[in-house]
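*Asks:* What follows is the residue order along each chain.
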Amino acid sequence: MKDQIPSFLLVSETRPLPLKHQRIRQQLPFIDRTLRKVSLFIKTGYLQSETSSSKGLLQKIDARIKILFLVCFIIQINILQQIPAQLYIAGFLLSLCILSCLKVIDIYNKILILSFFFGFLVLAPASLNVVTNGKIILTIFHFQETKQFWIYHIPADIGITKEGALVVAKLYVKVVNSLTLTFLILYTTPFNEIIKALKVFKIPDMFLLIITMTYKFIFILAHTVQETYFALKLRWWKKVKNSEADKIIAGRIVYIFRKSWNRYEEVYGAMIARGFSGHVNFCYLRKIRTTDICFLALFLIANLVIYLI
Amino acid sequence: MDDILKLDNVTYHYTPKHIAISDVSFSVKQGEIFAIIGSNGCGKTTLLHLISGLLFPYSGSISFKNQAITEQTLKSASFNKYFRESLGYVFQNPDSQLFCPTVLDELLFGPLQMGKDKQTALDRANAIMEMLNIDCLKDRPTYMLSGGEKKRVAIGSVLTMNPDVLLIDEPMGALDPKTRSFLIELLIHLNKAGKTIIIATHHLELVDHLQPRVAVLSEHHKIEKIGTTQEILSDIELLVRTNLISEHWHKHGDKVHKHLPSNFLFHKH
Chain A
1 MKDQIPSFLL VSETRPLPLK HQRIRQQLPF IDRTLRKVSL FIKTGYLQSE TSSSKGLLQK
61 IDARIKILFL VCFIIQINIL QQIPAQLYIA GFLLSLCILS CLKVIDIYNK ILILSFFFGF
121 LVLAPASLNV VTNGKIILTI FHFQETKQFW IYHIPADIGI TKEGALVVAK LYVKVVNSLT
181 LTFLILYTTP FNEIIKALKV FKIPDMFLLI ITMTYKFIFI LAHTVQETYF ALKLRWWKKV
241 KNSEADKIIA GRIVYIFRKS WNRYEEVYGA MIARGFSGHV NFCYLRKIRT TDICFLALFL
301 IANLVIYLI
Chain B
1 MDDILKLDNV TYHYTPKHIA ISDVSFSVKQ GEIFAIIGSN GCGKTTLLHL ISGLLFPYSG
61 SISFKNQAIT EQTLKSASFN KYFRESLGYV FQNPDSQLFC PTVLDELLFG PLQMGKDKQT
121 ALDRANAIME MLNIDCLKDR PTYMLSGGEK KRVAIGSVLT MNPDVLLIDE PMGALDPKTR
181 SFLIELLIHL NKAGKTIIIA THHLELVDHL QPRVAVLSEH HKIEKIGTTQ EILSDIELLV
241 RTNLISEHWH KHGDKVHKHL PSNFLFHKH
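Protein sequences appear in the order of chains A and B. Counting with this note's numbering, you get residues 1 to 309 for the letters of the first sequence. Counting with this note's numbering, you get residues 1 to 269 for the letters of the second sequence.
Calculated directly from the structure, the hints in this document are not laboratory data. Please note that the accuracy of each hint is not assured.
[As the list claims (entries may be wrong)] With a straight-line Cα cutoff of 20 Å, these simulated DMTMM-like cross-link-like pairs (lysine to aspartate or glutamate) come out:
1. B:Lys81 <-> A:Glu13
2. A:Lys60 <-> A:Asp292
3. B:Lys116 <-> B:Asp176
4. B:Lys81 <-> B:Glu71
5. A:Lys233 <-> B:Glu71
6. A:Lys238 <-> B:Glu219
7. A:Lys216 <-> A:Glu227
8. B:Lys118 <-> A:Glu13
9. B:Lys75 <-> A:Asp32
10. B:Lys118 <-> A:Glu193
11. A:Lys37 <-> B:Glu71
12. B:Lys17 <-> A:Asp106
13. A:Lys199 <-> A:Asp292
14. B:Lys17 <-> B:Glu219
15. B:Lys17 <-> A:Glu50
16. A:Lys238 <-> B:Asp117
17. B:Lys81 <-> A:Asp106
18. A:Lys247 <-> B:Asp139
19. B:Lys116 <-> A:Asp106
20. B:Lys65 <-> A:Glu13
21. A:Lys43 <-> B:Glu71
22. B:Lys178 <-> B:Asp164
23. A:Lys55 <-> A:Asp106
24. A:Lys233 <-> B:Asp139
25. A:Lys287 <-> A:Glu193
26. B:Lys116 <-> A:Glu13
27. A:Lys241 <-> B:Asp3
28. B:Lys225 <-> B:Glu71
Predicted model only: the values in this text are computed from it and were never measured.
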């Protein structure tokens, strides 16, 4: 055996320990960046499962009641036009967040970031006088004269109107409230309970199955990507030519794609082997309890009070 | 012998409730074979990830040749190069480890990163392929290999770098009996040549063969005991408690009975 072992393996390499650490620099920052993002994603998943199983108010409520609460409140948020009513809802949701022992600052950070991009930035143009007529309260741009472009009339002064600002504010608060409500339910309900509750609401089996598998698959994929990048980090510390890097990264993408494809085939095979014929039978063992009824009553009262206000 | 690796009260968790490693301390001497054993999910792989500087402890410290292994120290290009060259890590799942287009590229990658010239890298790759009996696979894409072939390529890709310390996660995974015997022999010879070998496994058979110093991780992610192979394998109560052995049913002709595994030092039948 010993003569089969290459001679270079039987001697130690001379590797002088660097006397002084060189200036801090990252040769391949994308590896660390990817790893950080993937780890954060996995951590978020774990945190969701942790917070949903902690002992807060909403965690004690049956998922079916929470889904009903979600649907009704989303409708109410979208029907109500007055800003004060939306603010009452925001206050109510904030108190639910606190009573459910959620990390309020973390959750509102996420909500505000998402609502800024998908609420404020998208809606911001509606505040301008070119979209919503009204009295300009803040001039942004001034032309020498009015212009006509195709079917559009561009006034000499472009600015934010009072009416436009009000429309944006209303819609933005609605986006914030809808997001808060969704996060509230997501963070206080285990994912499998949400799926089972949706089944009770007659959501098609295939749709639920796809959501469940996608959710699970994203986690498996995240773990695979993490392992892959760990392997890269271990053996790739020197900058290589762009063409070589492209080859390696492309190879990894192909690998992950093939892995996903194989996983899909295996999972489908496993489903067929266990008698899958297009219908999914989820078993809902939990019964509606007094706490659930109390919450349902509280939520109906809150709904009514806000509506009357 | 000097300590090549030292862990002091290392704790790591994914979230505060998902503790992976709890207050682990041990040291590994240069040129020693060290085994981390424990049942599934006890944190063996996480511990190897921490040792190899892929993850960083939440509390406690890890040092390699008296140099702290932290996110900051590994940001230094010279130290990162030194550390990565000195410590080779073979993953449990070879699929994740292989990222080059072909087997040959995979074996060449490490030495070329180390700055070896092409001929030296090629000589190393050829010698390793011959030793691991994978020379017929050299132009094959790694995703077209069988599980055992992938494992051999993964081991080869680390060996071409000739690291001083070899970390191997579940060395026996996906290998046939002949390759297992070969790997055990290879590890013994590499150790005799002065390499430090750290393995993570739940195969007591491997521990029995390699006779390393052993650290037993409990299901609570803590070190239960550190000792010689003899001390650990003869502590039946410890092995049962840490789920490394359990009573099993089996047949002798028509007679069915149950007892603890009998092929280790504590042989009882």
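*Asks:* All hints are to be evaluated individually against the structure, with a verdict given for each.
*Replies:* Tested hints:
For the given pair, Lys81 of chain B sits about 14 Å from Glu13 of chain A by alpha-carbon distance, which is consistent with the 20 Å threshold. For a cut-off of 20 Å, the pair hint linking Lys60 of chain A to Asp292 of chain A stands: about 8 Å separates their Cα positions. Our distance criterion of 20 Å between C-alpha atoms is broken by Lys116 of chain B and Asp176 of chain B, whose separation comes to about 33 Å. Between the alpha carbons of Lys81 of chain B and Glu71 of chain B the distance comes to roughly 14 Å, so the proposed pair stays at or under 20 Å and holds.
With a C-alpha separation of about 13 Å, the suggested pair Lys233 of chain A and Glu71 of chain B falls inside the 20 Å cut-off, and the hint holds. Distance restraint check for Lys238 of chain A and Glu219 of chain B: the Cα-Cα separation of roughly 38 Å exceeds the 20 Å cut-off, and the hinted pair is therefore not satisfied. For the suggested pair Lys216 of chain A and Glu227 of chain A, the alpha carbons sit about 17 Å apart, so the restraint of at most 20 Å is met. Annotation: proposed proximity of Lys118 of chain B to Glu13 of chain A holds, straight-line Cα distance about 17 Å (limit 20 Å).
In summary, the hint linking Lys75 of chain B to Asp32 of chain A is supported, as the alpha carbons are separated by about 10 Å, within the 20 Å threshold. Between Lys118 of chain B and Glu193 of chain A the CA atoms are separated by roughly 57 Å; this puts the pair beyond 20 Å, and the hint is violated. Distance check on the hinted pair: Lys37 of chain A and Glu71 of chain B sit about 16 Å apart at the alpha-carbon level, within 20 Å; holds. As the CA atoms of Lys17 of chain B and Asp106 of chain A are separated by approximately 18 Å, the hinted pair is consistent with the 20 Å bound.
At most 20 Å may separate the alpha-carbon atoms for a hinted pair to count; Lys199 of chain A and Asp292 of chain A meet this at roughly 18 Å. The straight-line distance between the Cα atoms of Lys17 of chain B and Glu219 of chain B is roughly 15 Å, inside the 20 Å bound, and the hint therefore holds. Distance hint between Lys17 of chain B and Glu50 of chain A is fulfilled; the C-alpha atoms sit about 8 Å from each other, no more than 20 Å. Distance restraint check for Lys238 of chain A and Asp117 of chain B: the Cα-Cα separation of roughly 15 Å lies within the 20 Å cut-off, and the hinted pair is therefore satisfied.
Between Lys81 of chain B and Asp106 of chain A the alpha-carbon distance is near 37 Å, which puts this suggested pair outside the 20 Å criterion. Of the pairs offered as hints, the one joining Lys247 of chain A and Asp139 of chain B holds, with about 15 Å between alpha carbons and a cut-off of 20 Å not exceeded. Restraint check for Lys116 of chain B and Asp106 of chain A: the C-alpha separation of about 49 Å exceeds 20 Å, so the hint is violated. Restraint check: the Cα-Cα separation between Lys65 of chain B and Glu13 of chain A comes to about 15 Å, which is no more than 20 Å; the hinted pair holds.
For a cut-off of 20 Å, the pair hint linking Lys43 of chain A to Glu71 of chain B stands: about 19 Å separates their Cα positions. A distance of roughly 26 Å separates the Cα atoms of Lys178 of chain B and Asp164 of chain B; the hinted pair therefore is violated under the 20 Å criterion. The straight-line distance between the Cα atoms of Lys55 of chain A and Asp106 of chain A is roughly 18 Å, inside the 20 Å bound, and the hint therefore holds. Distance check on the hinted pair: Lys233 of chain A and Asp139 of chain B sit about 24 Å apart at the alpha-carbon level, beyond 20 Å; violated.
For the hint linking Lys287 of chain A to Glu193 of chain A, the alpha-carbon distance of about 13 Å falls within 20 Å, and the restraint holds. Between Lys116 of chain B and Glu13 of chain A the alpha-carbon distance is near 12 Å, which keeps this suggested pair within the 20 Å criterion. Between Lys241 of chain A and Asp3 of chain B, the direct Cα distance comes to roughly 38 Å. Violation of the 20 Å bound is thereby established for this hinted pair. Using a Cα cut-off of 20 Å, the hinted pair Lys225 of chain B and Glu71 of chain B is violated, with the two alpha carbons roughly 29 Å apart.
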